[in-house]
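Protein chains in written order, with our numbering: chain V, 634 to 967; chain U, 41 to 330; chain F, 2 to 242.
For each label pair, taking beta carbons as the anchor points, the in silico distance ranges come out as:
no., chain 1, residue 1, chain 2, residue 2, range
1, U, K208, V, A734, 50 to 56 angstroms
2, V, F717, U, L299, 31 to 37 angstroms
3, U, K208, F, E121, 57 to 63 angstroms
4, U, L299, V, F746, 25 to 31 angstroms
5, V, A778, U, I154, 28 to 34 angstroms
6, V, I719, U, P158, 36 to 42 angstroms
7, U, Q173, V, I719, 57 to 63 angstroms
8, U, G224, F, T3, 56 to 62 angstroms
9, V, A734, U, P302, 26 to 32 angstroms
These stretches of chain V come out as covered by chain F in the derived footprint (C-beta under 8 angstroms, 3 or more residues):
no., region
10, 819-829
11, 836-844
It should be emphasised that the hints constitute simulated quantities derived from the structure, not laboratory data.
Here a beta-carbon is modelled for each residue, glycine too, at the ideal position from N, C-alpha and C.
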Amino acid sequence: MISRMCNGVPPRTMALLGALLAAFLAAPWVANDYLLTVLIFILYLAYTGQAWNIMMGFAGQFSLGHAIYVGLGAYVAALLFTRFGIGPWIGLLAAIAVAAACGAIIGFLAFRFNVAGVYFAILTIAFAEFARLGFDHLDVVNASAGLFLPVAQYAHNDLWRLRGDPTMFYYVILAATVAAFILCRMLLHSRMGYFWLAIREDEQAARAAGIDTFRYKMYAVMISAAVTSFGGVFYAFFYNNLFPEQVFNISNSVEIILGPVIGGIGTLFGPILGAFVLTGLAESLNSVLAAFGLDLPGAKQVFYGVCLLLVVVALPEGVWPPLARRFGLKRGVQ
Amino acid sequence: MPFDVFLNVAVAGVLTGLVYGLMALGLSVIFGVVRVVNFAHGEMMTIAMYLAVVLFSSFHLDPLVMLVPIAAVLFAFGYVLQAGLINRFVTRPEHSQFLLLVALGIIIVNTLLIVFGPDARTVQTSYAYDSFQLGPLIVDATKLYAGAAALIVAALLFAFFRFTLIGKAVRACADNYTGALVIGLNVGRLYALTFGLGAACVGAAGTMMTLIIDVTPSVGPTYTLLAFIIVVTGGLGSMPGALIAGVLIGLTEALAGLLFTPSAKSMFAFGILVLVLLFRPQGILGTRRS
Amino acid sequence: MTALLSLNAVSKRFRGLVALDRVSFEVPEGAIYAVIGPNGAGKTTLFNVIAGVLAPDDGAITFAGEPIAGSTADAVCRRGIARTFQLVRPFAALSVEDNVIVGALLRRRDVAAARRRAQELLQRVELFDKRHQLASALTAPDRKRLELARALATEPRLLLLDETMAGLRPTETDRMVAFLKDINRDSGLTILLIEHVMRAVMALAMRVLVLDHGTAIAEGTPAAIAHDPAVVQSYLGAEPA
Numbered sequence: 634m635i636s637r638m639c640n641g642v643p644p645r646t647m648a649l650l651g652a653l654l655a656a657f658l659a660a661p662w663v664a665n666d667y668l669l670t671v672l673i674f675i676l677y678l679a680y681t682g683q684a685w686n687i688m689m690g691f692a693g694q695f696s697l698g699h700a701i702y703v704g705l706g707a708y709v710a711a712l713l714f715t716r717f718g719i720g721p722w723i724g725l726l727a728a729i730a731v732a733a734a735c736g737a738i739i740g741f742l743a744f745r746f747n748v749a750g751v752y753f754a755i756l757t758i759a760f761a762e763f764a765r766l767g768f769d770h771l772d773v774v775n776a777s778a779g780l781f782l783p784v785a786q787y788a789h790n791d792l793w794r795l796r797g798d799p800t801m802f803y804y805v806i807l808a809a810t811v812a813a814f815i816l817c818r819m820l821l822h823s824r825m826g827y828f829w830l831a832i833r834e835d836e837q838a839a840r841a842a843g844i845d846t847f848r849y850k851m852y853a854v855m856i857s858a859a860v861t862s863f864g865g866v867f868y869a870f871f872y873n874n875l876f877p878e879q880v881f882n883i884s885n886s887v888e889i890i891l892g893p894v895i896g897g898i899g900t901l902f903g904p905i906l907g908a909f910v911l912t913g914l915a916e917s918l919n920s921v922l923a924a925f926g927l928d929l930p931g932a933k934q935v936f937y938g939v940c941l942l943l944v945v946v947a948l949p950e951g952v953w954p955p956l957a958r959r960f961g962l963k964r965g966v967q
Numbered sequence: 041m042p043f044d045v046f047l048n049v050a051v052a053g054v055l056t057g058l059v060y061g062l063m064a065l066g067l068s069v070i071f072g073v074v075r076v077v078n079f080a081h082g083e084m085m086t087i088a089m090y091l092a093v094v095l096f097s098s099f100h101l102d103p104l105v106m107l108v109p110i111a112a113v114l115f116a117f118g119y120v121l122q123a124g125l126i127n128r129f130v131t132r133p134e135h136s137q138f139l140l141l142v143a144l145g146i147i148i149v150n151t152l153l154i155v156f157g158p159d160a161r162t163v164q165t166s167y168a169y170d171s172f173q174l175g176p177l178i179v180d181a182t183k184l185y186a187g188a189a190a191l192i193v194a195a196l197l198f199a200f201f202r203f204t205l206i207g208k209a210v211r212a213c214a215d216n217y218t219g220a221l222v223i224g225l226n227v228g229r230l231y232a233l234t235f236g237l238g239a240a241c242v243g244a245a246g247t248m249m250t251l252i253i254d255v256t257p258s259v260g261p262t263y264t265l266l267a268f269i270i271v272v273t274g275g276l277g278s279m280p281g282a283l284i285a286g287v288l289i290g291l292t293e294a295l296a297g298l299l300f301t302p303s304a305k306s307m308f309a310f311g312i313l314v315l316v317l318l319f320r321p322q323g324i325l326g327t328r329r330s
Numbered sequence: 002m003t004a005l006l007s008l009n010a011v012s013k014r015f016r017g018l019v020a021l022d023r024v025s026f027e028v029p030e031g032a033i034y035a036v037i038g039p040n041g042a043g044k045t046t047l048f049n050v051i052a053g054v055l056a057p058d059d060g061a062i063t064f065a066g067e068p069i070a071g072s073t074a075d076a077v078c079r080r081g082i083a084r085t086f087q088l089v090r091p092f093a094a095l096s097v098e099d100n101v102i103v104g105a106l107l108r109r110r111d112v113a114a115a116r117r118r119a120q121e122l123l124q125r126v127e128l129f130d131k132r133h134q135l136a137s138a139l140t141a142p143d144r145k146r147l148e149l150a151r152a153l154a155t156e157p158r159l160l161l162l163d164e165t166m167a168g169l170r171p172t173e174t175d176r177m178v179a180f181l182k183d184i185n186r187d188s189g190l191t192i193l194l195i196e197h198v199m200r201a202v203m204a205l206a207m208r209v210l211v212l213d214h215g216t217a218i219a220e221g222t223p224a225a226i227a228h229d230p231a232v233v234q235s236y237l238g239a240e241p242a
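Let the sequences and hints guide you as you build the complete structure.
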């Protein structure tokens with residue numbers, strides 16, 4: 634199984650992956666609390682970016698409303714936990730079901746009624762905004778007042794109930810990111826992965842090759858939604874508070890797509906690299922500003938915007954593909 | 041509920057809707073010709089709104105007077121943006137264009153946040169609380185002026201496209217890009233002009249909007265979405281469609297705010313958007329896309 | 002020979018314009034059958050109707066004894082009709098090999114098996130050495146052969162070729178003709194082609210259908226067609242003698 638997974642991967646790439654994983658595993662021993670929080674955020678973005686990439690990077694369906702799956706995952710798990718004392722891992726199953734069902738509804742409507750391209754993106758935004766406004770008025774989740782998870786000091790980390798210190802959360806999101814990476818690699822090299830790429834490249838030609846494009850686009854949306862929903866569960870249990878205004882916000886959807894866009898849409902390393910580059914640079918900027926005694930609330934976002942602009946203008950493929958070609962980290966062409 | 045309350049709210053909604061319509065008209069003109077969806081549209085409107093706030097607090101210029109210089113500034117902004125940046129993206133994939141404008145929107149919102157801070161700013165005109173009475177009907181002066189100005193600007197734009205030579209050349213570009221190139225039109229410059237005009241519309245609309253709402257940096261994305269909703273409802277690229285759908289959405293929001301809760305009014309607009317996308321994707325007045 | 006594909010009084014209108022007017026013909030199993038006609042005669046519409054891209058307004062299309070009119074394009078392909086496009090549409094950002102793998106996966110679940118099949122086909126169309134290139138990097142004739150390989154990879158019983166020879170140099174045309182003859186002979190694959198290059202039609206086709214303004218004006222062997230007065234008039238605009 635493992636040897637098959639590594640089949641055809643250049644040794645340099647394997648070495649890089651190994652070194653990266655070792656560095657990540659060791660990080661909590663050297664990182665202080667601040668750095669650990671930053672790393673958690675990077676991995677969270679890498680994870681959700683990877684999930685978004687399934688839909689856009691593989692199957693070519695541009696979602697600008699992924700906050701809806703984060704939000705649904707977060708609210709479902711948090712609600713089960715606070716109301717019924719059901720732990721997050723059971724809650725995750727419910728979150729996955731709800732998010733996948735929501736993805737299925739959006740996908741069904743869009744693909745049956747031929748809503749494509751920019752119109753599809755607008756439809757996904759509309760659903761996310763609809764959810765934001767809806768949850769803002771939904772009393773069962775405390776509406777706009779927000780839903781809070783009980784925060785208490787725990788004597789020891791409780792992995793089953795996801796209550797504990799940042800180090801535990803760090804390893805949880807690291808494991809999830811690794812799992813998402815492996816899942817995406819398997820998907821990309823599967824029969825379905827080939828069909829997705831064909832649909833992304835030319836839907837009509839894909840149909841002429843016998844691919845049931847409706848069905849495979851549905852799978853892409855549902856899998857992407859399901860994978861994203863864990864990001865929401867993690868968000869809820871790490872931050873312990875949920876406001877519809879924040880979780881479902883369009884800026885959240887944009888943040889999810891920044892990693893893969895900057896790293897390289899449709900690549901496996903892109904979401905991770907992009908999350909790293911973006912958050913790393915943004916945090917450095919924050920430290921520099923703080924050193925000069927400046928507190929500018931929008932500075933980080935302006936920086937995000939400039940990065941995105943530069944990448945879209947100068948490196949339309951993202952940062953990873955040219956790097957991979959330069960250093961021979963990719964086999965043949967992809 | 042007494043009927044005259046209902047009527048008053050409806051009229052206010054229609055007048056606000058005219059300003060919405062003018063804003064959306066800008067988006068529709070840009071899409072109709074350049075075929076790029078301006079995802080920074082609402083953000084551009086906030087630039088105009090802050091310009092109005094600054095001009096008002098510094099020189100006490102009336103928004104109805106500021107309309108012209110602000111529209112001119114936004115025209116220049118749009119022209120330079122298209123000529124310098126977006127023209128290179130016209131042949132790029134849709135998502136690439138989208139991301140470019142998302143980036144621009146993020147930069148605009150947060151630059152405004154850094155400069156002006158998160159607090160709401162207003163333009164307090166001398167007639168802010170005036171109203172006209174017409175039988176049972178009470179109309180806010182600000183909304184009446186805003187709606188009328190929006191209608192005039194829209195009429196000027198229609199006239200430009202219908203009667204001037206440049207306007208006709210722009211329409212030729214929209215109909216047939218290659219054909220326009222073949223007969224020697226400078227398509228790049230006409231695109232820049234179009235983006236400038238779209239931006240000028242949003243500039244005028246933004247100036248009028250300061251009469252109706254307070255401005256914060258974060259209203260930008262909200263109005264981008266609203267402009268989308270209106271333009272998709274009216275038919276992407278259709279100018280009369282944008283105006284009519286603007287009025288329709290303004291009316292819907294006003295009535296939803298009255299009959300349900302004001303904070304949920306946008307849900308109805310999104311509801312309309314979803315229904316239109318599914319059942320009449322070409323919009324009320326648009327032509328069917330292939 | 003029995004008919005693999007038969008059309009019975011198939012009509013298609015676009016906003017009142019009649020693109021196909023009660024077209025009927027039969028393609029026998031194992032045949033190479035050509036459809037010719039001047040520009041705008043409705044040839045590509047005919048293909049799109051057979052391939053499921055367009056639904057006919059009237060008439061019946063039967064493939065291997067079953068009605069297929071109104072099926073979707075992918076369902077038609079799964080039943081065993083593969084097509085190429087007049088303007089080739091390879092998956093540009095995928096490698097040559099991956100393009101063909103996509104086709105081969107239709108009848109296989111295993112990617113490795115699909116890759117083996119793709120490599121065989123790439124050898125047949127002489128693209129094996131370029132299998133790791135991006136499809137977008139290929140020359141126009143290579144792209145045509147790639148599209149042919151992708152279509153063949155879906156293991157069709159009927160292959161629809163939309164102007165495969167257009168834009169090819171004469172030597173390349175001869176290569177393509179020879180290749181099509183080979184696969185037709187070796188595997189008994191039925192081929193229906195739209196073609197402007199008469200050289201190729203004469204060399205390949207067992208029977209020819211002539212379309213003009215959406216109507217079938219003649220059908221028969223290439224030799225008979227070449228002397229049909231209606232055909233001569235529609236092609237050459239000749240005055241009746």
